[in-house]
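S.K.: Spelled out, the chains give:
There are 2 protein chains.
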Amino acid sequence: MAFSEFRPLDEKSLIEYIKATPVLSNKVGRNYDDLKIKEVGDGNLNFVYIVVGSAGSFVIKQALPYIRCIGESWPMTKERAYFEALALKVHGQLCPEHVPEVYHFDRTMSLIGMRYLEPPHIILRKGLIAGIKYPYLAEHMSTYMSKTLFYTSLLYRTTTEHKRDVAEFCGNVELCRLTEQVIFSDPYKVSQYNHWTSPYLDRDAEAVREDNVLKLEIAELKSKFCERAQALIHGDLHTGSVMVTSDSTQVIDPEFAFYGPMGFDVGAFIGNLFLAYFAQDGHADSFDDRRSYKEWILRMTEGTWNLFHKKFTAFWDKHKDGPGEAYLPAIYNNPELQQIVQEKFMKDLFHDTLGFGAAKMIRRIVGVAHVEDFESIKDDSKRAECERKALDFAKLLLKERRRFQSINEVVSAIPA
Amino acid sequence: MAFSEFRPLDEKSLIEYIKATPVLSNKVGRNYDDLKIKEVGDGNLNFVYIVVGSAGSFVIKQALPYIRCIGESWPMTKERAYFEALALKVHGQLCPEHVPEVYHFDRTMSLIGMRYLEPPHIILRKGLIAGIKYPYLAEHMSTYMSKTLFYTSLLYRTTTEHKRDVAEFCGNVELCRLTEQVIFSDPYKVSQYNHWTSPYLDRDAEAVREDNVLKLEIAELKSKFCERAQALIHGDLHTGSVMVTSDSTQVIDPEFAFYGPMGFDVGAFIGNLFLAYFAQDGHADSFDDRRSYKEWILRMTEGTWNLFHKKFTAFWDKHKDGPGEAYLPAIYNNPELQQIVQEKFMKDLFHDTLGFGAAKMIRRIVGVAHVEDFESIKDDSKRAECERKALDFAKLLLKERRRFQSINEVVSAIPA
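Heads up: the protein sequence lines correspond to chains A and B, in order. According to numbering that gives the first Met the number 0, the first sequence is numbered sequentially starting from 0. According to numbering that gives the first Met the number 0, the second sequence is numbered sequentially starting from 0.
You may find that some hints are simply not true.
Given that identical chains are not distinguished, each listed pair holds provided it fits within a single copy or across any two copies.
[As the list claims (entries may be wrong)] Straight-line C-alpha distance at most 25 Å; calculated PhoX-like pairs for lysine-lysine:
| no. | residue 1 | residue 2 |
| --- | --- | --- |
| 1 | Lys317 | Lys223 |
| 2 | Lys188 | Lys319 |
| 3 | Lys317 | Lys188 |
| 4 | Lys132 | Lys18 |
| 5 | Lys188 | Lys343 |
| 6 | Lys223 | Lys346 |
| 7 | Lys388 | Lys88 |
| 8 | Lys35 | Lys346 |
| 9 | Lys319 | Lys11 |
| 10 | Lys293 | Lys11 |
| 11 | Lys18 | Lys317 |
| 12 | Lys132 | Lys11 |
| 13 | Lys346 | Lys394 |
| 14 | Lys319 | Lys346 |
| 15 | Lys11 | Lys381 |
| 16 | Lys18 | Lys309 |
| 17 | Lys343 | Lys223 |
| 18 | Lys132 | Lys37 |
| 19 | Lys377 | Lys35 |
| 20 | Lys37 | Lys310 |
Hints were generated in silico from the structure; no laboratory data involved.
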């Protein structure tokens with residue numbers, strides 16, 4: 000351990016830290032003269048340093064005991080770094096192609112040293128705002144989600160392993176509570192943290208707070224989030240937690256990871272694709288009306304679910320005689336039954352996905368933390384128009400999710 | 000600590016142990032000459048000693064590292080005593096009137112010293128077989144279940160407390176696994192432990208193993224059992240875990256306790272009342288045709304659910320502005336909405352109750368551990384007839400539970 004007790008690093012003390020930490024100093028060939036260090040933490044929570052030397056590079060991410068974007072007034076355990084490192088390692092073993100490697104973790108310092116995702120990697124959300132098409136996005140994200148969710152569920156694991164890991168991740172309760180508040184509670188009540196494009200959406204925000212059916216549905220999803228330990232989920236899988244190039248897709252920032260409902264991850268990603276879709280009209284200009292790009296987003300959304308479904312059930316088929324204890328081979332041993340149970344499981348997961356996805360959309364429009372997709376639309380009235388369409392669609396999804404049988408039906412339900 | 004390492008007690012070493020343990024020796028006034036000690040462990044798992052002296056009495060329950068009724072060939076952690084003591088304390092604080100007091104717990108020895116439920120307390124199951132009416136049974140059991148389940152759920156608690164306690168009880172995984180096997184798995188496959196009244200029920204047992212719809216339903220319930228941490232449940236709440244007199248009802252043996260679905264407890268109790276009902280024809284004789292008693296059991300079953308519903312929702316109303324985080328008052332703050340969410344919650348809980356209750360019935364007829372209600376019917380053919388009716392009704396419940404709106408409808412569905 001480089002430092003014996005926690006201290007927030009700055010660029011100067013970071014160099015001391017690297018020098019005292021062999022795995023990091025070796026990465027840069029113990030050459031500190033040409034080291035370039037840049038603080039790039041543009042997320043909401045942490046400090047992130049890119050460290051590049053002539054021999055190699057890495058990223059240092061340090062959690063401070065509060066939420067960065069709000070300040071010391073909103074305390075938040077720095078132990079989240081421990082759960083982030085643990086989730087990166089577990090998910091990284093299951094899906095190394097889409098999870099950056101962890102080189103170093105220091106629990107005392109709440110500090111992770113990990114792969115630097117070098118340019119041209121950018122945050123997917125920024126790419127979606129810029130109108131860039133990523134041909135492998137659905138392919139890669141469906142691989143990441145199917146591997147991490149299937150292999151940490153009872154479809155693949157024993158209840159002994161499951162209960163042990165559930166207990167461990169119960170320790171990440173503070174981050175879970177943050178989600179409970181900002182996704183499942185605040186948007187549905189008056190809260191000092193809520194904001195929206197005012198005055199345009201004043202009535203819309205009020206309508207969310209007065210909608211009994213919506214509140215009934217969000218309660219069901221909140222219970223599932225709090226009570227159902229289905230798989231080790233990322234917990235914050237929006238398009239700002241994914242870095243991309245034209246052929247690389249890397250999932251970062253799993254500090255909200257815990258054993259929760261699978262649909263929360265799949266829904267987060269799909270819900271944020273829908274947000275990207277609804278924001279496109281605000282990015283259209285005389286050079287690009289974004290119509291083709293909007294189509295591409297919808298195809299990508301369909302592809303994400305359909306490929307996820309295909310890969311997830313393929314893992315299930317492959318391991319149906321494996322260690323998973325949810326469906327013992329001695330009981331679920333005939334092809335007809337295997338198909339019935341899979342269809343039921345996937346239908347329930349699909350409806351969870353739509354519900355959680357809708358909840359993630361709603362909170363980005365009338366809750367505390369908004370998305371750059373909309374925020375980057377400068378004209379208030381135009382932004383409000385995009386946001387209202389997204390909000391109305393999300394409300395429909397949340398209330399009527401059970402009537403959809405396929406993602407194509409869902410996409411078709413988007414008003415022209 | 001009386002003994003520094005674990006050893007199974009016998010009557011002689013038990014006296015040494017009592018002498019060395021002030022809270023126990025004080026109970027009997029440190030007078031050992033007239034001490035009466037009797038081993039009465041007629042359950043499946045543990046050794047139980049009744050200790051009665053002139054000044055006082057208590058029970059000593061010791062868990063051994065295997066399942067008593069099967070022997071050392073089926074190992075089972077003796078740590079279960081820790082979770083039993085913990086559950087007795089938590090549930091005892093919530094509902095002291097129906098949970099025996101714990102005087103002493105010794106983790107090293109896996110030993111609990113607790114209140115001796117003096118005669119005329121008998122095991123409820125034996126009372127039901129004898130045809131004894133307990134006028135307060137529904138009243139008392141609904142109080143016990145509503146208090147223990149409501150106050151350990153997110154309807155009353157914060158997610159911080161919840162996750163901490165969920166993590167703790169994840170440690171009781173071995174007992175959970177025993178339930179998974181004997182209730183949710185073995186009856187639906189060929190297993191060396193299964194048995195039934197052969198040859199009469201050979202086809203019935205086979206039919207359970209070949210019923211795809213039944214297997215689909217039991218999978219859903221198993222997932223809920225393994226994944227849904229809804230409340231601190233007793234985990235084994237059959238009529239053999241309740242001791243009664245005409246005016247006292249005491250719930251014992253919560254060694255299977257963990258955070259699981261509420262319906263598992265309510266269903267266990269109601270399912271076992273149904274078993275008692277279906278066994279009555281086997282106990283009828285020329286002096287008592289048991290018709291009146293069968294009616295009484297059905298009224299008691301209805302009363303148990305209806306009173307549970309009433310008390311549970313009354314606690315909810317009382318504490319709707321309390322610490323529970325599932326339904327925040329700032330969101331669920333209008334009477335109409337409060338009623339809608341309660342109705343939905345109670346309907347789901349009712350269907351869980353019927354499903355788990357049915358699963359508990361099925362496993363008692365074609366699984367490893369049977370019930371004295373049926374076992375005490377000496378005539379094989381008559382026993383099989385009673386069991387078949389119970390099994391058929393349980394299969395109906397498991398498959399069609401969602402169509403029932405009230406317990407009275409369920410009772411009406413029993414064939415005349």
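S.K.: None of the hints should be skipped; say for each whether it holds.
M.R.: Here is how each hint holds up against the structure:
For a Cα distance limit of 25 Å, the shortest separation of Lys317 from Lys223 across copies, 24 Å, qualifies, whereas the shortest one inside one copy, 28 Å, does not. Proximity of Lys188 and Lys319 under a CA criterion of 25 Å is satisfied inter-copy only: 16 Å between copies versus 45 Å inside one chain copy. Taking the closest pair of Cα atoms, Lys317 and Lys188 come within 25 Å of each other only across two copies (21 Å); inside a single copy the shortest separation is 46 Å, beyond that limit. Proximity of Lys132 to Lys18 under the C-alpha cut-off of 25 Å is found in neither arrangement, the shortest distances being 41 Å within a copy and 79 Å between copies.
In the homo-oligomer, the alpha carbons of Lys188 and Lys343 lie at most 25 Å apart only across protomers (21 Å), although the nearest pairing inside one protomer, at 34 Å, exceeds that limit. For the homomeric pair Lys223 and Lys346, the shortest alpha-carbon distances inside one copy (16 Å) and between copies (16 Å) are both at most 25 Å. Neither within a single protomer nor between protomers do Lys388 and Lys88 lie at most 25 Å apart by alpha-carbon distance, with minima of 39 Å and 53 Å respectively. Taking identical chains as interchangeable, the C-alpha atoms of Lys35 and Lys346 are never at most 25 Å apart, the minima being 50 Å within one chain and 61 Å between chains.
In this assembly of identical chains, the alpha carbons of Lys319 and Lys11 never lie at most 25 Å apart, being 53 Å within a copy and 52 Å across copies at closest. Within a single copy, Lys293 and Lys11 get their C-alpha atoms no closer than 45 Å, and across copies no closer than 82 Å, so neither meets the 25 Å cut-off. Taking CA atoms no more than 25 Å apart as the test, Lys18 paired with Lys317 passes in neither setting, with 47 Å inside one copy and 60 Å between copies. For the identical chains of this complex, Lys132 and Lys11 are neighbours neither inside a copy (39 Å) nor across copies (80 Å), given an alpha-carbon limit of 25 Å.
In this assembly of identical chains, Lys346 and Lys394 lie within 25 Å of each other by CA distance both inside one copy and across copies; the values are 20 Å within and 24 Å between. Proximity of Lys319 to Lys346 under the C-alpha cut-off of 25 Å is restricted to the intra-copy arrangement: shortest distance 19 Å within a copy versus 33 Å between copies. Taking the shortest alpha-carbon separations for Lys11 and Lys381, neither the intra-copy value of 45 Å nor the inter-copy value of 86 Å comes in at or below 25 Å. Proximity of Lys18 and Lys309 under a CA criterion of 25 Å is satisfied in neither setting, with 47 Å inside one chain copy and 66 Å between copies.
With identical chains, the CA atoms of Lys343 and Lys223 are at most 25 Å apart both within one copy (17 Å) and between copies (14 Å). In this assembly of identical chains, Lys132 and Lys37 lie within 25 Å of each other by CA distance neither inside one copy nor across copies; the values are 28 Å within and 78 Å between. When the C-alpha separation of Lys377 and Lys35 is checked against a cutoff of 25 Å, the pair qualifies neither within a copy, at 34 Å, nor between copies, at 86 Å. For the identical chains of this complex, Lys37 and Lys310 are neighbours neither inside a copy (39 Å) nor across copies (61 Å), given an alpha-carbon limit of 25 Å.
Hints 4, 7, 8, 9, 10, 11, 12, 15, 16, 18, 19, 20, counting from the list given before, are not met by this structure.
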